[in-house]
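Protein sequences appear in the order of chains S and R. Residues in the first sequence are numbered consecutively from 125, following my numbering. Residues in the second sequence are numbered consecutively from 48, following my numbering.
Derived from the structure by calculation, the hints contain no laboratory data. All the pointers check out, no bait thrown in.
Calculated pairs, DSS-like style, for lysine-lysine (alpha carbon to alpha carbon, straight line, at most 30 Å):
1) 163/S x 134/R
2) 282/S x 219/S
3) 134/R x 150/S
4) 219/S x 97/R
5) 219/S x 195/S
6) 294/S x 282/S
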Amino acid sequence: MVNVAASALDMVTGIGAMQTVLSSEKAVDFFIHELIPYKFFGQTVYITTTHVCELIIILGILIFAIAARIKIMHAEEVPRGFQNVVEFLIELLEKYVHGAMGTHGKKSYVNYIGTIMLFILLCNISGLVGLRAPTADYGTTLCLALISVGMIQYNNIKTNKFRVVTNLFKPIPLLFPINLIGEFATIISLSLRLFGNVMAGTVMITLYYTLMPVIATIGIPTVFHAYLDVFSGAIQAYVFTMLTMVFITDKIEG
Amino acid sequence: MNQITNEGLILACSAVGAGLAMIAGIGPGVGQGYAAGQGAAAVGRNPGAKGDIMSTMLLGQAVAETTGLYGLVIALLLMYANPLLTKFLNL
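One chain only, chain S, in its complex shape:
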């Protein structure tokens, strides 16, 4: 009894986290690994797998963007090949943003929404190439949600000026606390939705790979990857950006 409690204690405090999950003999490892420690204002923080994966994804996007830029500088009248792909991608994003935001979907929003959409999508499907999805780290999703809420509140203040305060007292002054909480709950709901979905997918796939016999991990996990990584990841990228746009439009029209 004491031994079980002690090993479980290790598990919960993260000391022996790699060794046991419940009573399985194999190491179930879906945790964030700390790679390089460094001092930051007297506190020891770490370069983790999240940072490394994010850097790889950002490098990928950068290389694509530079290649696209070079190609577009020598654009042809009749697009073909790579230029076709780039134009298709940009047109798709523009159509998506204009469809969701209507007449408010100006060019600046396409830049922001397109960037965040590409980043989240690539983060979510990075499990396919063996990386640990950066969006399965609450630090990443919280930052993304904070940026989005900053964008929403900036638009709120820009269009509504001092009505930002009076809008909180609508429809009746009694609802002021609820409205105030509602403004801040956006951060929590946006970030936890993305984090929870990707984390659940990561846990599921890791559990399958670890607990099944080796023969069952050939070919069959494709189904799990297709649903949990690609489908769920694309849906979550869509939902995150769509909700950001809905909230911004709501503030502009409100």
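Guided by the hints, dock chain R onto chain S, whose structure is given.
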């Protein structure tokens, strides 16, 4: 029964709590199923608007899913980053 340590009690209760937290999955399950059913009915009435119906349905389902994910986050917290235990050990 005398052998149960304080840590063991906290861990046992946390495990039960994690299981109970996942009951939150019932609500989103029912909600998402209802949304999918209504979406199917809408496509049946108006097959031309399939794209719009699909995107609206998925957005609604994702929002409905949030409450279930709160439960999941609580369960994960209790399993892997138990705040009760660290509080107990620091005392």
